[in-house]
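Visitor: Top to bottom, those sequences are chains V and W.
Residue 228 is where the first sequence starts when you use our numbering, and the numbers rise one by one after that.
Residue 138 is where the second sequence starts when you use our numbering, and the numbers rise one by one after that.
Check the hints yourself; a few may be wrong.
Said to hold, decoys possible - Here are some of the chain V residues that sit facing chain W, going by a computed Cβ distance under 7 angstroms: (1) G249; (2) T254; (3) G257; (4) G261; (5) G275; (6) E276; (7) F277; (8) C278; (9) S281; (10) K287; (11) A289; (12) N291; (13) Q295.
What the hints assert, rightly or not - Anything over 12 angstroms on all C-beta distances counts as not near chain W; from chain V, calculated: (14) S231; (15) K236; (16) E239; (17) Q243; (18) Y244; (19) E246; (20) A247; (21) A259; (22) A280; (23) P286; (24) H292; (25) V299; (26) K302; (27) R304.
As the list claims (entries may be wrong) - Below are the SDA-like pairs computed for lysine to any residue, each with C-alpha atoms no more than 25 angstroms apart in a straight line: (28) V:K287 - V:P234; (29) V:K287 - W:L199; (30) V:K302 - W:L240.
Rather than coming from a laboratory, the hints here were simulated on the basis of the structure.
Note that the Cβ used here is the ideal one computed from N, Cα and C, for glycine as well.
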Amino acid sequence: MGRSLHPDKEIEAALQYAEASGWRIETSHGHAWGRIFCPFNNSACRSGEFCIASVWGTPKDARNHARQIYRVVDKYRFRQQVSEMDQES
Amino acid sequence: MEYIFTLRYQWTGPDGETEHLIERLGAGGCDDALIGLGHPGRIAMEFSREAVDAESAIRSALEDVSAASNDLHLIEVTPDLVGLTDAAEWMGLSRQGMRKLMLSHWQTFPRPVHEGSVSIWHLADILSWFEARGGYSIDSRTSEIAELARRINLENRIMRSSQPLDRLAL
Chain V
228 MGRSLHPDKE
238 IEAALQYAEA
248 SGWRIETSHG
258 HAWGRIFCPF
268 NNSACRSGEF
278 CIASVWGTPK
288 DARNHARQIY
298 RVVDKYRFRQ
308 QVSEMDQES
Chain W
138 MEYIFTLRYQ
148 WTGPDGETEH
158 LIERLGAGGC
168 DDALIGLGHP
178 GRIAMEFSRE
188 AVDAESAIRS
198 ALEDVSAASN
208 DLHLIEVTPD
218 LVGLTDAAEW
228 MGLSRQGMRK
238 LMLSHWQTFP
248 RPVHEGSVSI
258 WHLADILSWF
268 EARGGYSIDS
278 RTSEIAELAR
288 RINLENRIMR
298 SSQPLDRLAL
C-alpha cells in the first residue's frame with residue numbers, strides 16, 4: 228500500500244475498511260488529509276456525488292468523520308449489490 | 138444534538154480549484170462535513186452538525202458555506218424529495234412493500250409533488266403519514282430535518298424565480 232496513515236485511529240480504521248471494499252486513497256496536505264475514490268464509479272451508481280470524497284486531517288469530531296466514511300462505503304456496497312441483483316434477474 | 142443532512146451545490150469556480158475551495162471550507166467551520174466531489178461541477182456536503190435544533194444546524198451550515206465561497210450555489214438541502222425506492226429505504230421497507238401501502242391507502246397516502254414515469258414526494262409528508270399510522274420508529278431529528286429541508290428548498294426555488302427574500306444564506 229505504502230500510503231501514510233491517518234493520524235486519528237478511528238478514521239484510519241474507516242479508511243482501511245474503505246480500502247478493503249476496493250476504494251483507492253490519495254493523500255494530500257492541508258486541512259484535507261486526502262481523498263477516497265469509489266471503485267464502482269459507473270452507470271449503476273445512482274448517487275455518484277460521494278464517489279470521490281475528501282477526508283479531513285483534523286475534523287471537528289473524528290468519530291463522526293469516521294462514521295461518515297463508513298456510511299458512504301456501505302451505501303455504495305449496498306447499491307452495487309442491488310445493481311448486481313438487477314443484472315442477474 | 139447531532140443533525141445529519143446534505144447540502145448539494147453547483148460549483149461555478151475554476152475546475153482545478155476545488156482543493157483550494159476545500160481548504161477554505163475546512164478553515165470556515167465545515168470540517169464536520171464529508172465533502173463529495175464525484176460529479177463535475179457539483180459539491181455535496183454531508184454534515185454531522187451539533188446544534189440545539191435542526192434549524193440552527195442547517196442555517197449555520199448554509200452560512201458557513203456561503204462565507205467560504207461565492208462560487209457555490211445551493212441546489213438543494215436533502216433529505217427532501219424522494220422517489221418510492223428512497224422513501225422505502227428511509228422507512229426500512231422494501232420498494233414493493235411501500236408500493237403496496239401506497240396503493241391500499243390511496244385515499245390518505247401523501248400526494249406526490251410530481252407524478253410521471255417516476256413519482257416524487259416530500260420525505261416530510263411520508264414521515265408524517267407513517268407517524269400518524271403508528272407502529273414505526275422514526276427519529277424525530279430526521280422528521281425535523283426533512284420538514285426544514287422542504288421549507289428551505291421551496292424558498293430557494295422562489296428566490297431563484299423572483300426577487301430574493303434576503304433571509305437565508307442560500
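Visitor: Indicate, hint by hint, whether the structure satisfies it.
Guide: Hint by hint, here is what the structure shows:
1. G249: 15 angstroms, violated
2. T254: 13 angstroms, violated
3. G257: 5 angstroms, holds
4. G261: This interface hint is violated because 11 angstroms lies over the 7 angstroms limit.
5. G275: Since the shortest Cβ distance to chain W is 4 angstroms, the answer is holds.
6. E276: This hint holds: E276 of chain V lies near chain W, its Cβ roughly 4 angstroms from the closest one there, short of 7 angstroms.
7. F277: 4 angstroms, holds
8. C278: 3 angstroms, holds
9. S281: Status holds, d = 4 angstroms.
10. K287: 4 angstroms, holds
11. A289: 10 angstroms, violated
12. N291: 4 angstroms, holds
13. Q295: For Q295 of chain V, the interface hint holds, since the closest Cβ of chain W sits about 4 angstroms away, which is under 7 angstroms.
14. S231: 18 angstroms, holds
15. K236: Non-interface label stands for K236 of chain V: nearest chain W Cβ at 18 angstroms, farther than 12 angstroms.
16. E239: 16 angstroms, holds
17. Q243: 17 angstroms, holds
18. Y244: Holds, since 14 angstroms exceeds 12 angstroms.
19. E246: Fine: 17 angstroms to the nearest Cβ keeps E246 of chain V off the interface.
20. A247: For A247 of chain V, whose nearest Cβ neighbour in chain W is about 19 angstroms away, the distance exceeds 12 angstroms, so it holds.
21. A259: Incorrect as stated: the minimum Cβ-Cβ distance to chain W is 5 angstroms, not above 12 angstroms.
22. A280: Non-interface label on A280 of chain V violated, nearest chain W Cβ at 5 angstroms vs cutoff 12 angstroms.
23. P286: 5 angstroms, violated
24. H292: 7 angstroms, violated
25. V299: Contrary to the label, V299 of chain V does not stay out of reach of chain W, its closest Cβ about 7 angstroms off (not over 12 angstroms).
26. K302: Given a closest Cβ separation of 10 angstroms, the condition is violated.
27. R304: Holds, since 14 angstroms exceeds 12 angstroms.
28. V:K287 - V:P234: Holds, at roughly 14 angstroms.
29. V:K287 - W:L199: Roughly 17 angstroms separates the two Cα atoms, so the pair holds.
30. V:K302 - W:L240: 28 angstroms, violated
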